[in-house]
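K.L.:
So the protein lines, in turn, are chains F and D. Just so we're aligned: the first sequence equals residues 223 to 565 in my numbering. Just so we're aligned: the second sequence equals residues 23 to 364 in my numbering.
These aren't lab readings, by the way, just hints derived from the structure by calculation. Some hints here could point you the wrong way.
Unchecked claim - Here are the computed distance ranges between Cβ atoms for each label pair: (1) L310(D) with G307(F): 43 to 49 angstroms; (2) I59(D) with E453(F): 29 to 35 angstroms; (3) S313(D) with V545(F): 19 to 25 angstroms; (4) E453(F) with D141(D): 36 to 42 angstroms; (5) A424(F) with G61(D): 35 to 41 angstroms; (6) G161(D) with Y483(F): 45 to 51 angstroms.
Said to hold, decoys possible - Which chain F residues stay away from chain D? Per the calculated CB distances, all over 12 angstroms, these: (7) V385; (8) G449; (9) W512; (10) P553.
A virtual CB, placed ideally from N, CA and C, is assigned to each residue, including glycine.
Listed below, chain by chain, are the residues.
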Amino acid sequence: MTQQATPDRTLPLPGDTLVGLYRTMALIRAFEERVHELFTEGELPGFLHLCSGQEAVAAGVIAQLERADMITSTHRNHGHALAKGVDPRAMMIELYGRAGGSNSGKGGSMHLADPAVGHLASGGIVGASAPLALGPAQAAKLAGTGAVAVAFFGDGGAQQGTVLEAMNLAAVWKLPVVFVCENNLFGQATTVDYASAAAPYARAEGFGLPAERVDGQDVVAVYEAAGRAVERARAGDGPSYLECLTYSYHGAWEGEPKRSYRRPEVESDFRRRDPLRLLDDVLTAALPDWLDIKDRVDDEAAEQVDGAVEAGRAAPYPDPSTVLTGVYADPNVVIDRDGLAVR
Amino acid sequence: MKTLSFADAINEALRLEMTRDPRVLVTGEDVSGGATIPGFERADAWGGVFGVTRGLVAEFGRDRVIDTPISESAFIGAAIGAAAAGYRTVTELQFLDFMGVCLDQIINQAAKLRYARGDRAPGVPIVIRAMIGAGSRAGSTQSQSHYSSVAHFPGLKVVVPATPADAKGLMIAAIRDEDPVLFLENKALYETKGPVPDGDEPVPIGRARVAREGGDVTIVTIARMLSVAEKAAKELSERGIEAEIIDVRTVAPLDLTTILESVERTGRLVVVDEDTPRCSVASDIVALVSSRAFDRLTAAPRMVTPPHTPVPFAPVLEDAYIPSPEQVVEAVLATAGQEVAA
Numbered sequence: 223m224t225q226q227a228t229p230d231r232t233l234p235l236p237g238d239t240l241v242g243l244y245r246t247m248a249l250i251r252a253f254e255e256r257v258h259e260l261f262t263e264g265e266l267p268g269f270l271h272l273c274s275g276q277e278a279v280a281a282g283v284i285a286q287l288e289r290a291d292m293i294t295s296t297h298r299n300h301g302h303a304l305a306k307g308v309d310p311r312a313m314m315i316e317l318y319g320r321a322g323g324s325n326s327g328k329g330g331s332m333h334l335a336d337p338a339v340g341h342l343a344s345g346g347i348v349g350a351s352a353p354l355a356l357g358p359a360q361a362a363k364l365a366g367t368g369a370v371a372v373a374f375f376g377d378g379g380a381q382q383g384t385v386l387e388a389m390n391l392a393a394v395w396k397l398p399v400v401f402v403c404e405n406n407l408f409g410q411a412t413t414v415d416y417a418s419a420a421a422p423y424a425r426a427e428g429f430g431l432p433a434e435r436v437d438g439q440d441v442v443a444v445y446e447a448a449g450r451a452v453e454r455a456r457a458g459d460g461p462s463y464l465e466c467l468t469y470s471y472h473g474a475w476e477g478e479p480k481r482s483y484r485r486p487e488v489e490s491d492f493r494r495r496d497p498l499r500l501l502d503d504v505l506t507a508a509l510p511d512w513l514d515i516k517d518r519v520d521d522e523a524a525e526q527v528d529g530a531v532e533a534g535r536a537a538p539y540p541d542p543s544t545v546l547t548g549v550y551a552d553p554n555v556v557i558d559r560d561g562l563a564v565r
Numbered sequence: 023m024k025t026l027s028f029a030d031a032i033n034e035a036l037r038l039e040m041t042r043d044p045r046v047l048v049t050g051e052d053v054s055g056g057a058t059i060p061g062f063e064r065a066d067a068w069g070g071v072f073g074v075t076r077g078l079v080a081e082f083g084r085d086r087v088i089d090t091p092i093s094e095s096a097f098i099g100a101a102i103g104a105a106a107a108g109y110r111t112v113t114e115l116q117f118l119d120f121m122g123v124c125l126d127q128i129i130n131q132a133a134k135l136r137y138a139r140g141d142r143a144p145g146v147p148i149v150i151r152a153m154i155g156a157g158s159r160a161g162s163t164q165s166q167s168h169y170s171s172v173a174h175f176p177g178l179k180v181v182v183p184a185t186p187a188d189a190k191g192l193m194i195a196a197i198r199d200e201d202p203v204l205f206l207e208n209k210a211l212y213e214t215k216g217p218v219p220d221g222d223e224p225v226p227i228g229r230a231r232v233a234r235e236g237g238d239v240t241i242v243t244i245a246r247m248l249s250v251a252e253k254a255a256k257e258l259s260e261r262g263i264e265a266e267i268i269d270v271r272t273v274a275p276l277d278l279t280t281i282l283e284s285v286e287r288t289g290r291l292v293v294v295d296e297d298t299p300r301c302s303v304a305s306d307i308v309a310l311v312s313s314r315a316f317d318r319l320t321a322a323p324r325m326v327t328p329p330h331t332p333v334p335f336a337p338v339l340e341d342a343y344i345p346s347p348e349q350v351v352e353a354v355l356a357t358a359g360q361e362v363a364a
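So that you can see chain F by itself, here it is in the shape it has in the complex:
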């Protein structure tokens, strides 16, 4: 790693954009590391899949989106939700299983979403995000809004037939959608080299989709590649595919029994190219007041997460009777615990 002494080199992107990308990544990192601590200490319940190490993908792609652009996400979704603007307090209350959270205590970690900020869905079914994203893309095309949709999935999801169906249908209907494969090298403990007969992005070319593989640790590379894909979608040129090579520091899930399947040399290589560190290097070299800005941004992220944790701890537990609410959206249908409509 080389640092330039004088802040005179040309920035790869406008300074505000770079600081914004750092801010998003810092919030995600602070959130995930706190969730890791709280889970390890036994304070948080749940089946948690953290994205520390993968921040550049969520931050870089979603920085290219407007609020009206919809995303669909995976079980490893905290970063996407934070980047898209889901309230961290509401998210943390949900993780605590308390009342007033983002999903009313009905979703938890794997189902965080908020359609009001353009986050349609996430969930525990690997690959399901891809077909769902076609809908808002189809709607945007029919209504001529210029909006786009982004489907996030992993290298594991890339092996699901439903993702391939979705790529074909998106191409047939020429939809404004971007398929983003977060290739973190493992589907649980199974390596992508074993599970995928070809590189995920190489399959996209077979459907006629422009496809790129980028360094998912480098938020500038992700941002620029996502920009090209989003621009094609907005221009009416149809779907694209972006594969981002990255790494999950906390493995597949919190509390997984052992990490022996992860080779230390691979992990240290990714940690050496930590996405926050790489961007920090760029900004250190380029912005004379970066250290001050960085301190402020890091403090703000810590404060936001502190506030979220306080909100989570302070929120009341949900009323057990609310388990029956929300099965149907139809206000005319009230069901009892046997699933029978109450007249």
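We have chain F; now place chain D onto it with these hints.
P.N.:
Here is chain D on its own, set in the frame of chain F:
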């Protein structure tokens, strides 16, 4: 009031709702029928295998009546996603048997998105049309009536119309509903004609209909089994037994109230169902009535269903597979301690 076939009644409901609400879309395999052929929409577009969506593409255009590849998971997922952006898609699965290839989108995404995203989340207003029913010599994978397997999942509504009037009214209700509705069409009913009201009044989802009044026995029917029970009721009437027939119309959520009200008067229950008997809507109705109206029952409830086997092909085997009026008569007489030969 006019006379329409079951298929044309559905077509009229789709046409009325597409006219009323520009956000209503129709998607599926061959719903237009020839979307890649220029000019075909005005000439001879199929409108689905049995012509249920015929004419819609000519009237509403290719942007709203959209053929799909044979990729059920992708296009049902798209319908769910489009609902989040304000559209209401009526998507066609063709045969309910095909749900195996897209079950995740139906039972995990459509059914649960509203609940898992919390109480402030919008619903998932989509309609999934699919055919059910044996009798067309199609064998085991295009003939099933396995609505029990979807009625099992919280969050789904499952409607099973038996008459052209209900087919129209329930389709209107399904399109306007804020929740995912499986709209199941027994293909043996498509040519059945019956009176259909003018206008666009919905038939409420979740309400059974008393199709025939009688005080001696309650016969509950699902979809096409209504006509089987009606034939049985005529013969029973000649034997001095007046059957009350309740057409459930919706299997999820089930209108148990109407069934219980009838059983409390008749004391006898026979459920006629074309689905296989184990873990079924029919067995569920028998269990619910037995546990909630045990004291009012004067005989053990009976089910008339196919055998618990796949649907066979050979015409002789398939005809014997489908519940018959004779089997219904026999079951009703058994609840009265009588035999057919008597």
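K.L.:
Indicate, hint by hint, whether the structure satisfies it.
P.N.:
Going through the hints against the structure:
Between L310(D) and G307(F) the C-beta distance comes to about 46 angstroms, which sits within the given range of 43 to 49 angstroms. Distance hint for I59(D) and E453(F): a CB-CB separation of about 33 angstroms, consistent with the stated range 29 to 35 angstroms. A beta carbon spacing of about 22 angstroms between S313(D) and V545(F) agrees with the range 19 to 25 angstroms that was offered as a hint. The hinted window of 36 to 42 angstroms between E453(F) and D141(D) holds, with their beta carbons roughly 37 angstroms apart.
Against the hinted window of 35 to 41 angstroms, the Cβ-Cβ separation of A424(F) and G61(D) comes to about 38 angstroms, which satisfies the hint. A hinted range of 45 to 51 angstroms for the beta carbons of G161(D) and Y483(F) is consistent with their spacing of about 46 angstroms. The beta carbon of V385(F) is not kept farther than 12 angstroms from every beta carbon of chain D, the shortest such distance being approximately 9 angstroms. Taking the minimum C-beta to C-beta distance to chain D, about 23 angstroms, the non-interface status of G449(F) holds against the 12 angstroms cut.
A cut-off of 12 angstroms between C-beta atoms confirms that W512(F) is not in contact with chain D; the least separation is 39 angstroms. Taking the minimum C-beta to C-beta distance to chain D, about 8 angstroms, the non-interface status of P553(F) is violated against the 12 angstroms cut.
Going through the hint list in order, the structure does not satisfy hints 7 and 10.
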